[in-house]
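All chains, full assembly: derive it from the sequences and hints.
Which chain is which? The protein sequence lines are D and B, in order.
Everything in the first sequence is counted per the numbering used here, starting at 1 for the first residue and increasing by one.
Everything in the second sequence is counted per the numbering used here, starting at 1 for the first residue and increasing by one.
In short, the hints are calculated from the structure, not lab data.
Hints may be right or wrong, so weigh each one.
[Claimed, not checked] Cross-link-like lysine-lysine pairs, in silico, PhoX-like; alpha carbons within 25 Å at most: (1) B:K44 <-> D:K102; (2) B:K654 <-> B:K636; (3) B:K724 <-> B:K590; (4) B:K643 <-> D:K98; (5) B:K590 <-> B:K468; (6) B:K63 <-> D:K98; (7) B:K643 <-> B:K605; (8) B:K537 <-> B:K468; (9) D:K87 <-> B:K654; (10) B:K636 <-> B:K674; (11) B:K712 <-> B:K674; (12) D:K86 <-> B:K454; (13) D:K86 <-> D:K71.
The lines below spell out each chain.
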Amino acid sequence: MSAISNPTGTPAQASAYLTSFLNNTLHIHISDGRMFVGQLKCTDNERNIILAMTHEHRQPSQRDIRLAAEKHEQSGGSGNVKVDMKKRFVGLVVVPGKYIEKIEVEG
Amino acid sequence: MGDATSRLRQEAEQTPSYGGRGVRDTTEDFTSASSQLQSGQLVKDEFFTLFEAVGALEIMDPKMDSGYVAPGDTFDAEFDPASGLDMTEVLWIMDQLLCLEISWHDGYPLSQTVFTSLHIDRLLSPDQENRDPTFYRLARPPSNLSETQSLGHQILRAYCIGLIKCCNLALLLIQSQNYYEEEDFVTHLFGRELLPQVKGDQASWILQEAQKRLGEASGISQDVRRALDDRLKFRSEYLNTLVEDGSNRWEDMKSSMDSIQSSHDLARPVTDAFSEKVQRQLATSTPPRPMLQISWDLACRKWMDLCQDVVLAHRLTEFSISSSPACLQRAVWAFAYRGEPCALARALLQDLLFNNGGVRGELSHYDLLLTDIRDLVLAGDPLTDPESFQVEVTSDPRHICSRLIEGFMDKAIDEYLNLYRMVCQNRCRIRRTFTQAIPILDALESEAQQVDAKLSAAASSLKIQKKKTGRIVTLEPLTSWTKFYKLRIMTWAVQLGFETEIYLPDELGKMYWYLMQLSRQRSQLIGDIDEYTSLRKQHTQEKNTAAECLTAIQWYQSLYDYATITTLLSLALWKLYTLLAHTNIIIPPKRDFAKSQLLYEARMKPFLSVVNDSVPRHQDFEDAGLQTDSIESTCKDIDGSLKAAKSLLAGLKKLTPEQGRFVGTEDEWKKEIKQLETTCVAIAVATSQLLMASGKYGQDKLEGVMECRPEKRYHDWWVVPMLKEKTAITK
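Spelled out as structure tokens, the structure:
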């Protein structure tokens with residue numbers, strides 16, 4: 001969707017570049033380890049990002065990993081066990097620019 | 001708009017990704033691009049409005065981000081539901097769950113109530129085996145539990161599963177009937193399911209097993225054993241009554257609740273077993289909300305109220321009451337005015353009234369409607385004789401008329417049932433839905449006129465020639481019936497407006513004047529029906545017919561008297577408020593932009609569409625606000641109407657429940673008459689104070705010397721001003 005290259009040319013180009021991301025699905029990683037996946041609706045010069053239909057993804061805790069390993073052992077499994085990230089629906093959110101560590105776009 | 005629309009189209013054409021597609025890191029480019037924007041410049045789609053943007057939850061703000069974990073805090077609550085508990089702790093958790101459950105019924109979401117229990121949370125957790133959930137993360141319980149602790153878990157688990165099933169069934173019941181989301185109740189499940197794999201009778205069995213093991217166990221004191229058993233029993237009763245759908249164990253639940261309330265002091269608190277941190281794992285598009293706190297005594301009172309409301313709902317829908325639609329309507333109003341029943345009680349009443357096409361599954365809705373038509377306009381008339389409906393000969397007038405009446409009933413049945421259903425809602429919604437029904441009933445009245453024309457061509461009973469004068473009197477039964485209910489809900493809409501305080505003090509006079517107009521129209525109609533029924537009685541040879549007419553006439557008389565009382569009280573308050581405006585005791589607020597024509601249209605909006613009755617114009621309202629007579633003369637008029645009202649009230653007091661059609665609501669009848677009598681006295685007091693002040697100060701404008709305090713209502717629908725002389729400013 002974002003076929004525009006040289007995004008950091010003029011302010012007009014920067015604006016067009018960002019506009020090309022609207023309604024795309026972004027993955028926003030923030031400083032406390034959570035990731036927010038949602039459709040880009042709005043952004044500003046502070047990199048504050050509004051996402052719609054957002055899901056919050058969270059890394060499993062130590063307790064979750066230990067529990068998954070124990071269950072895996074009990075059921076007779078061997079080798080490594082896969083522990084999914086926890087996911088829940090949160091709706092319309094605004095992620096303040098100052099907490100953003102990584103921005104990925106789908107597609 | 002071109003870009004935004006094409007974006008939207010592109011999006012619609014794409015298949016949903018579910019995050020499965022690869023992602024590309026654009027952090028650097030995005031960051032650098034956004035920093036090039038001007039301060040305050042937004043990059044957004046034209047379809048996305050600032051109004052929507054304001055609703056976005058700010059991540060990392062503790063007040064809005066339900067997933068935010070403060071530094072030093074843990075993500076999960078520390079308490080482990082698998083840990084062993086004393087029986088007294090189990091008791092406390094069960095009681096705390098009772099408090100939270102009744103708060104949910106009160107209208108608070110599950111995220112603030114039942115879901116804050118870590119035990120419930122564990123059972124509903126998505127990684128559980130839905131068919132057989134436990135408190136234990138691994139397949140078996142921890143090895144360090146004692147036998148008593150293990151029993152404690154069994155009891156608590158049984159109780160929790162029972163509770164979850166009760167919530168599940170209560171929720172289904174509420175959603176199967178009419179209710180208003182967020183006003184009455186919050187149905188949101190926050191992405192959780194309520195153990196769909198566990199059926200009601202399975203949960204029942206789990207509770208029974210727990211009770212059995214409790215009975216057999218040793219090492220538990222008598223008091224605690226009894227307390228635990230009472231709670232399991234209450235839960236079983238509640239679950240079984242929801243599962244079986246027909247049984248009525250709510251009286252049993254009341255007695256169980258009594259013993260439960262008194263044994264609460266045996267319980268030992270385990271506050272850690274409940275936490276708001278569960279909200280971090282719930283699907284919620286709202287900010288984090290505090291856990292609800294409610295006192296034990298208050299919770300028990302609410303449970304008792306719920307049980308009592310449901311017991312009452314059963315009593316009010318018994319055949320002795322429902323066989324008379326007038327009595328049944330009064331019964332539903334009596335239920336509505338019992339405080340404000342919770343959503344579950346309302347749903348249960350609606351279920352009793354509407355499930356299976358009939359009241360209590362026995363009295364069909366069509367029979368109810370036909371009885372209503374007969375009682376109100378066709379008492380003793382062969383048109384509504386059930387046998388007439390059986391006639392199959394198509395040329396027989398009885399066959400023709402029956403089909404016409406049936407056709408009309410098909411059109412009327414939905415709005416008719418709404419007369420009952422809407423009264424089961426919260427008070428503000430009753431008023432609002434009545435205002436919406438007014439144009440519908442008016443349109444139905446127009447249709448009724450056409451049906452009546454065809455009926456009178458076929459039926460001879462709709463014309464009677466008076467013996468003395470030879471004048472022919474006709475009846476338009478269906479038109480009269482429809483108009484009766486239309487005028488009634490118009491009246492109720494205005495009166496509920498008084499109750500829900502939508503009229504400002506300076507509007508009260510004119511609205512009581514309009515109420516008076518409506519009430520007079522009602523009296524006129526009732527008088528016409530009464531006149532015709534009396535003629536029918538005079539002209540019949542049949543004893544049964546005469547008897548039916550007589551009981552109908554007694555009822556019409558009570559309706560007429562009640563309408564007259566409404567007229568008289570409205571007149572009194574209209575004149576009193578007009579005086580208060582005239583003497584400047586009530587001054588309208590400054591309205592820079594509101595013109596009186598606009599105010600008239602706003603207030604009268606629900607009524608203006610009516611075509612089958614006259615609706616006052618703006619000028620009529622203006623004229624009603626003029627003070628033409630002297631203060632003394634007006635006060636005398638007020639006293640006169642109050643006297644007449646009191647005399648009619650005394651007459652109503654003498655009626656039997658059968659005569660006044662208030663079987664089943666005798667207490668409410670008496671109470672209302674008392675309230676109206678007190679209202680008469682209050683109006684008289686205010687009037688005499690006004691008269692006295694006018695005499696004392698010898699002037700027309702009294703704003704400096706009299707004030708109107710917030711009124712006291714003896715009856716929700718009659719707003720009586722309280723007048724007091726202004727205290728002199730000393731010093």
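These are the hints, each one checked on the structure:
Between K44 (chain B) and K102 (chain D) the CA atoms are separated by roughly 20 Å; this keeps the pair inside 25 Å, and the hint holds. Annotation: proposed proximity of K654 (chain B) to K636 (chain B) is violated, straight-line Cα distance about 28 Å (limit 25 Å). Of the pairs offered as hints, the one joining K724 (chain B) and K590 (chain B) holds, with about 24 Å between alpha carbons and a cut-off of 25 Å not exceeded. Simply put, K643 (chain B) and K98 (chain D) have alpha-carbon atoms about 76 Å apart, too far for the 25 Å limit, and the pair is violated.
Between K590 (chain B) and K468 (chain B) the CA atoms are separated by roughly 61 Å; this puts the pair beyond 25 Å, and the hint is violated. Between the alpha carbons of K63 (chain B) and K98 (chain D) the distance comes to roughly 18 Å, so the proposed pair stays at or under 25 Å and holds. Straight-line distance between C-alpha atoms of K643 (chain B) and K605 (chain B) comes to about 34 Å, which puts the hinted pair past the 25 Å bound. Among the hinted pairs, K537 (chain B) with K468 (chain B) is consistent with the structure: their alpha-carbon atoms are about 15 Å apart, no more than 25 Å.
For the suggested pair K87 (chain D) and K654 (chain B), the alpha carbons sit about 69 Å apart, so the restraint of at most 25 Å is broken. This hinted pair checks out: K636 (chain B) and K674 (chain B) have alpha carbons roughly 24 Å apart, not beyond 25 Å. Of the pairs offered as hints, the one joining K712 (chain B) and K674 (chain B) holds, with about 15 Å between alpha carbons and a cut-off of 25 Å not exceeded. Distance check on the hinted pair: K86 (chain D) and K454 (chain B) sit about 70 Å apart at the alpha-carbon level, beyond 25 Å; violated.
With a C-alpha separation of about 17 Å, the suggested pair K86 (chain D) and K71 (chain D) falls inside the 25 Å cut-off, and the hint holds.
Against the hints set out earlier in the document, violations occur for numbers 2, 4, 5, 7, 9, 12.
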